[in-house]
Amino acid sequence: NKCVEVTATSRHYVDRLFDPDPQKVLQGVIDMKNAVIGNNKQKANLIVLGAVPRLLYLLQQSSSSLELRTECAVVLGSLAMGTENNIKSLVDCHIIPALLQGLLCPELIFIEVCLRCLRTVFISPVTPVQLLYTDPTVIPHLMSLLSRSQRTQEYITQIFSHCCKVFVGICSHANTTPEHQTVLFNHGAIQNIAPLLISPSYKVRMQALKCFSVLAYENTQVSMTLVNVLVDGELLSQVFVRMMQRDQPIEMQLTAAKCLTYMCRAGAIRTDDSCVVLKTLPCLVRMCSKEHLLEERVEGAETLAYLMEPDVELQRIASTTDHLVAMLADYFKYPSSVSAITDIKRLDHDLKHAHELRQAAFKLYASLGSNDEDIRKKITETENMMDRIVSGLSESSIKVRLAAVRCLHSLSRSVQQLRTSFHDHAVWRPLMKLLQNAPDEVLVMASSTLCNLLLEFSPSKEPILESGVIELLCSLTQSDSPALRVNGIWALMNMAFQAEQKVKVEIVRSLGTEQLFRLLSDPDSNVLMKTLGLLRNLLSTRPHIDQIMSSHGKQIMQAVTLILEAEHSIEVKEQTLCILANIADGNTAKELIMTNDDMLQKIKYYMGHSNVKLQLAATFCISNLIWNEEDGSQERQDKLREMGFVDILHKLTQASDPNLCDRAKTAMQQYLA
Amino acid sequence: MAELGAGSLSLGDPAFNYQEHELNERLKRLYPAVNEEETPLPRSWSPKDKYSYIGLSQNNLRVHYKGHGKNHKDAASVRATHPIPAACGIYYFEVKIVSKGRDGYMGIGLSAQGVNMNRLPGWDKHSYGYHGDDGHSFCSSGTGQPYGPTFTTGDVIGCCVNLINNTCFYTKNGISLGVAFTDLPPNLYPTVGLQTPGEIVDANFGQQPFVFDIEDYMSEWRAKIHGMIARFPIGERLGEWQSVLQNMVSSYLVHHGYCATATAFARATETIIQEEQTSIKNRQRIQKLVLAGRVGEAIDATQHLYPGLLEHNPNLLFMLKCRQFVEMVNGTDSEVRCLTIRSPKSQDSYPGSPSLSPRHGASNTHLHTGADSPTCSNGVTPPNKSKSHSGTGSSSIKYPSVSSSASSSTSSSPSSVNYSESNSSDSTKSQPHSANSTQETSLSLNFRRNQTHVTRSSNHDSEMEIEAEHYTNGVVEGSSARIMNGTYKHEEILQPDDNSIDEGCTNGRQLCGGNQAATERMIHFGRELQALNEQLGREYGKNATHKKMLQDAFSLLAYSDPWNCPVGQQLDPTQRESLCSALNSAILESQNLPKQPPLMLALGQATECVQLMARVRSGSCSFARVDNFLH
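Going line by line, the protein sequences match chains A and B.
Residue numbering for the first sequence follows our numbering, beginning at 1 and increasing consecutively.
Residue numbering for the second sequence follows our numbering, beginning at 1001 and increasing consecutively.
Do not take every clue at face value.
[What the hints assert, rightly or not] FRET-style restraints, in silico, Cβ to Cβ:
#, chain 1, residue 1, chain 2, residue 2, range
1, A, Ser149, B, Gln1605, 54 to 62 Å
2, B, Ser1219, A, Gln191, 47 to 55 Å
3, A, Asn186, B, Thr1269, 53 to 61 Å
4, A, Glu567, B, Asp1103, 55 to 63 Å
5, B, Thr1269, A, Ile198, 18 to 26 Å
6, B, His1126, A, Pro463, 51 to 59 Å
Please keep in mind that the hints were generated in silico from the structure rather than gathered at the bench.
Predicted model, so just to flag it, every value in this text is computed and none were measured.
Where a beta carbon is used, it is the ideal one built from N, C-alpha and C, also for glycine.
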């Protein structure tokens, strides 16, 4: 049968590689070359039949003629052009060290075919990029080969741009590993590659440009160096600007815009520089337009989101550029009804990119709306926007879910949106669902959004409370991730603000005092601050104060003491003194302070502290304790006078800070009345 | 309305002149396809086309409001002096808000002629505007659509009209705000409207660099349209296409007499040359004589080789004779030259290059302005075009053929040199004889000087020399060499490459080479010419062109230094080119061959077509210019 025939002829090709006559071997390799071109089946057969080790042997053998070695490399390159499995087999046969070794040959033609093959192997996603870096002599040698020919330039820069990984997506920029970037940088990548940007060959220019985009990404060192590089007397940023001209190929415009974006984000170019405002940003907005390929639109939107993320002015400019906000609505229209009808290929293509498009649009909306209220309004008024976010939250693709929740989070910073569109579309529902079982990345964003939804003016607060969110938030506070702990406790803090008694009780019960005190000694100061905030919110209105203090007074006083005695920031101490002041406002809770001389001494100490904020908080506490019209106020006043508080208060009435001065005077009046 | 001339800059102001220069340069660069004589570009606001509440100043670029500004009934607008020509392709202007005044109700946009000026742009039919107070766009309607951000004092608002797809977008401080209007009608004027006291805006129609990079936007459209042209499907006619192109090249070479090149090309491409070799060489010879300023000999040769030709073209003959007279003044024509003792100076022969192909109108920058370019008749302009302007070298086709009696006076005029002698001087073989004849000495000297680059041995025929010359010309860089192989550098005229030249090239030039007999001969010839003119006038009616030609030629005698006089331009050797081309065309026509090479015809047609596109308001003409495809 046919299959057997094919295998038989393949066998013949392999057999000829073992012929004792070198001339016949050469002819065999040439015939093999002609047989495999464009024939994946043949390629697979030859690999199975063991052609690769033999070809590699011939390629490395010093007795082989240059012609034979070159033809071997050509055939290997051709085999690499096949399926991913072919690449895997080649890599398993140690083709990479063999070819890298081949680069030491003085003959340019041989170097070029080796590089071509290496290029094909390295750009495959199945090849471990680390293989380029195992031998430390390889990178310097590749750098030196850059001057040999346009081909070496094209292949080497292409290898670099594919093998320079930062191991992180564009969305989260913590923990980047610039290892590869640093290796290439240290071996003079910038100086060696910069001149290639003005090469007469488009391919070389393009690959060099790509190299710079991967080198500069999230890398301050590279970016700072790049801004000062001159290419033929012209600043590199100007070269990039020229490459963004509108008559240049889209790929070049987009990649040049990425380079400038990365340089800007790394702080090497100011965000108000005209090459960013008038060139890079408009170029990226253009890339989002309908007339471009779906891939280009995805990249354009993601890069633009990244560019303007930290800068409200860029967000404002982008929001008015070329109807960007409305343009992005098109990203949700794939696969379009037209593509489904017209042809199946188009439908397939659309389907493949639909997720990518949606997540890119969400990211860009998130970035656009992260600061400016007007922009948020514009976004939520875009056709079906809230519905799209809601359905995005429950999409199967995690990338889309994450981007959708980022977008929701960005919009949730708006008081107005919380009151209107968020409530109208009951976004809390899918959000709660998302929180049930999601990876940390999503959880961080979702819980952060939830914090905003739990603000007291948010109409979503009630239904969320009823959905049993407290348990969920309490469990977040036990997470290993500081971000999740903060969000959990933050949400609880927001929830406790001016809450009903039963909610507060439920929070304390659910969290448990033990966990509460654990959080008070959390290594993350954000967690500590929000926990103190929670305590403060719990200890508001007299009945609540007395109720909570009667059941947990001892532990709370203990915790307060510990914090005041330990090394903490002013903010933490202030927050703690405020809690104490709240306790002092209780009817029965007051006694917990009055009977604690040690605590009173501490308050006295802070009234004389050099920081006004702490003085103010401590004075507030005393003021609450000596307040007239309350039972036992006379006794407390007497005791505190004996302890010397009146003298301090008297002194504070002379304070330069008007608030402190007022507060002290008010307190003094309690004695005079 | 009394604001006219209230600007701070006056016409004599150097700053103003500089700005004017800047403006012209920029407009030329931005809108190269616009023929301003047909469709002037807007350069300022019109003091005539505005509401009375509008005041203009600063050369009619600054607009301020001077009404009451109580409500929308007090709105006032002003239009620019001219509508936007379609040939702009993409048009752009900017307006800077100098002051938002009381309420900042500025409207910036476009309107057609006749739209009520007591309104803000956008409120009425054929009126379009973007308003500063709310950022809305108004598309022929009193109610706006949310469009862009608001704008106020200090902002620069740009308005771009795309005449290719008839859309408009605005910019704010250099950032594009996206499409505002589609399906715009033609002939819109830049317009601004103001409504409350204190509002002041400044326009920039190109006087200053624009904040928005409009040229970058244009480059995108240029690339788009070039791509469209490059990818234009020719389908199955691919083979046909190739043979058409080959024939075009071949016929062009033949037309200009590049005999050897044409033969080689025909051999390589297996095409057939219509004309016989000898015929080509004859034409070549005659053209060479005209270009060398030896017009008398050229006339003789034409009459000898193409009997009846000039008799049937009395206008052409008259032009040739006129030229002959001019060349006599120049001291170049053989009838005078044989009488002079000194060798003629650098100005007297066709300089630099004896190349036969004349300069073509197409090589001038004014290709697109065909009708106004004096050189356009050199084969670029299609026949219907050249008819419209007689007297620029194409008048040979103006009159129908004519009786032979017209040339009787010409043939009777004495000629000291016969055709065969002068012909022999064309080749370097004539050099051995030079010592025997002053005439031939001067010729060969002259010849050598012009061809110092020809280093071949003397047994090469003149045709080969021409080929060599052709080659050097073909690679000449320069604005005039962009299209035609046969163009030459004008500088060469003034840079003689012979040692004996210096004395003659500047002040040494004298009437008829300074020879008394020659001068007498010239005056005699002038009388004959006068007589010929009168005769032609009797037979065909008065001809103003002829009269002018004659007057100009005779005027040369009124000056002591004809080369530096108001009509001295006639003596320039380049003036021979159009005549040479006309004669060549007439000969070809008489042989039933096309009087223009098809290549030039196609070029002319394409050029004309692009111009037509401008007239029918197809904006893409701006980016489909023929020049862009000629490298």
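Hint by hint, here is what the structure shows:
| no. | hint | in the structure |
| --- | --- | --- |
| 1 | A:Ser149 / B:Gln1605: 54 to 62 Å | violated, 46 Å |
| 2 | B:Ser1219 / A:Gln191: 47 to 55 Å | violated, 31 Å |
| 3 | A:Asn186 / B:Thr1269: 53 to 61 Å | holds, 59 Å |
| 4 | A:Glu567 / B:Asp1103: 55 to 63 Å | holds, 59 Å |
| 5 | B:Thr1269 / A:Ile198: 18 to 26 Å | violated, 38 Å |
| 6 | B:His1126 / A:Pro463: 51 to 59 Å | holds, 55 Å |
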